[in-house]
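Required output: the full structure, derived from the provided sequences and hints.
Counting in this note's numbering, the sequence shown runs from 5 upward without gaps.
No lab work stands behind these hints: they were computed from the structure.
Please note that the accuracy of each hint is not assured.
[Claimed, not checked] Label pairs and their in silico Cβ distance ranges:
| hint | residue 1 | residue 2 | range |
| --- | --- | --- | --- |
| 1 | W121 | V13 | 46 to 52 Å |
| 2 | W121 | L37 | 40 to 46 Å |
| 3 | V23 | L198 | 35 to 41 Å |
| 4 | H46 | T88 | 48 to 54 Å |
| 5 | R189 | A125 | 23 to 29 Å |
| 6 | D10 | P214 | 18 to 24 Å |
| 7 | M5 | I53 | 52 to 58 Å |
| 8 | E16 | S199 | 38 to 44 Å |
| 9 | M131 | N222 | 25 to 31 Å |
| 10 | W121 | N7 | 46 to 52 Å |
| 11 | I33 | K188 | 36 to 42 Å |
[Unchecked claim] Cross-link-like lysine to aspartate or glutamate pairs, in silico, DMTMM-like; alpha carbons within 20 Å at most:
| hint | residue 1 | residue 2 |
| --- | --- | --- |
| 12 | K195 | E12 |
| 13 | K9 | E117 |
| 14 | K188 | E117 |
Quick caveat: nothing in here was measured; it's all calculated off a predicted structure.
Yeah, the Cβ is synthetic: ideal placement off N, Cα and C, and Gly gets one too.
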Amino acid sequence: MVNWKDPEVALETARIATVVVHVCAGWYIWEFLVSFGFDWEHITRRRPIRWTLIPYFGARYATLCMAIFITVITGVQDTSNCATGWQVVYFCADLSMDMVSLLLVWRVIALWEQNIWISAALGLMWMAELAVPIHAIINIHPIYVEQLSTCSLIQPAFIRYSSLAPMTLDLCSCVLCFIALSRKRGAGLWKVLLSQGLSYFSVIMCFHVPATTLVLVNLNDGMNLGVEIPAVIAIVVCGTRMYRGLIQFNKRDSDIFTLTTTNIGWRRPPPINVNMNRGIVIPAGFVGATTMDPDCENSPSIVSPTSDTGKITMFDKSTEKLPAESIV
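The following block contains the structure:
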């Protein structure tokens, strides 16, 4: 069995963790750049400003700062600012996780129609998640590893246990989201919310839960670093993509099932006015002749797309009253 506390094993693990951290930082910077068009549309007021953009921007830009700082301090030769650099990294990482959790909490509260018990419970859990890492950030102990020419971090036990708070809140939020969606079935927005919930739950199970488990086991500090940073970046990428996907869904036909993929376009195409009524719309040519037909002078003209003529509704509108505007 591998002795993870052996100095040689710990040194090799730290070297691998440094490479993993640099790769993940580069991945996030690429993700940030290809999706910056969405941010720019809000900065230039081409899209309406929502107050839910505060945690969205907080998560994105805090993670960007974390990626930049951790790349710098893991390759720095100066030992004088090790503590400050790691405090900035952990502050940005915790802030980004808190902001992503807040986006998820607001979504769950909206799905539960502002239920006071759900809102109070999730609000208290989020405040606990916000407060727990503060003490951990103050008490981190970085050291300089000459063999790697980098600043490394010795994590006290309190830092390791602080990772339980965001994982617990995210899991509870996902469960409540699925329960709320199971009570209101429909199409369009319901499918998008369900697919996004499954995606976020998958990311938690693939990244957050294994990372928290390994951090609690505490094989060594290099292993802890190598699993924490990828987990933070994966959760932030998933959470911010979910938010963008929900915003962009409101600009499309509500019966189109859209995946939360990154929008690589730097410029938004001109808006398309679509009818947001759910159901199947029969084209005008099937229900009325045009004025170009001489044999149908008394027939109605082309049906206006805004009228109710020729529309067959497949779904009961009561099943589609999900609070989309309050979610985003």
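Verification of the supplied hints:
At about 49 Å, the beta-carbon gap between W121 and V13 stays in the expected band of 46 to 52 Å. At roughly 42 Å, the beta-carbon separation of W121 and L37 lies within the given 40 to 46 Å, and the hint holds. Between V23 and L198, the C-beta spacing of about 37 Å keeps the proposed range 35 to 41 Å intact. Checked against the hint of 48 to 54 Å, the pair H46 and T88 fails, with Cβ atoms roughly 32 Å apart.
The hinted range of 23 to 29 Å is satisfied by R189 and A125, whose Cβ atoms lie roughly 25 Å apart. The hinted window of 18 to 24 Å between D10 and P214 holds, with their beta carbons roughly 23 Å apart. Take M5 and I53: their Cβ atoms lie about 56 Å apart, and the range 52 to 58 Å holds. A hinted range of 38 to 44 Å holds for the C-beta pair E16 and S199, which are about 40 Å apart.
The given range of 25 to 31 Å is respected by M131 and N222, whose C-beta atoms sit roughly 27 Å from each other. Against the hinted window of 46 to 52 Å, the Cβ-Cβ separation of W121 and N7 comes to about 49 Å, which satisfies the hint. Taken as a hint, the range 36 to 42 Å holds for the pair I33 and K188, whose Cβ atoms sit roughly 39 Å apart. In summary, the hint linking K195 to E12 is not supported, as the alpha carbons are separated by about 51 Å, beyond the 20 Å threshold.
For the hint linking K9 to E117, the alpha-carbon distance of about 50 Å lies beyond 20 Å, and the restraint is violated. In summary, the hint linking K188 to E117 is supported, as the alpha carbons are separated by about 12 Å, within the 20 Å threshold.
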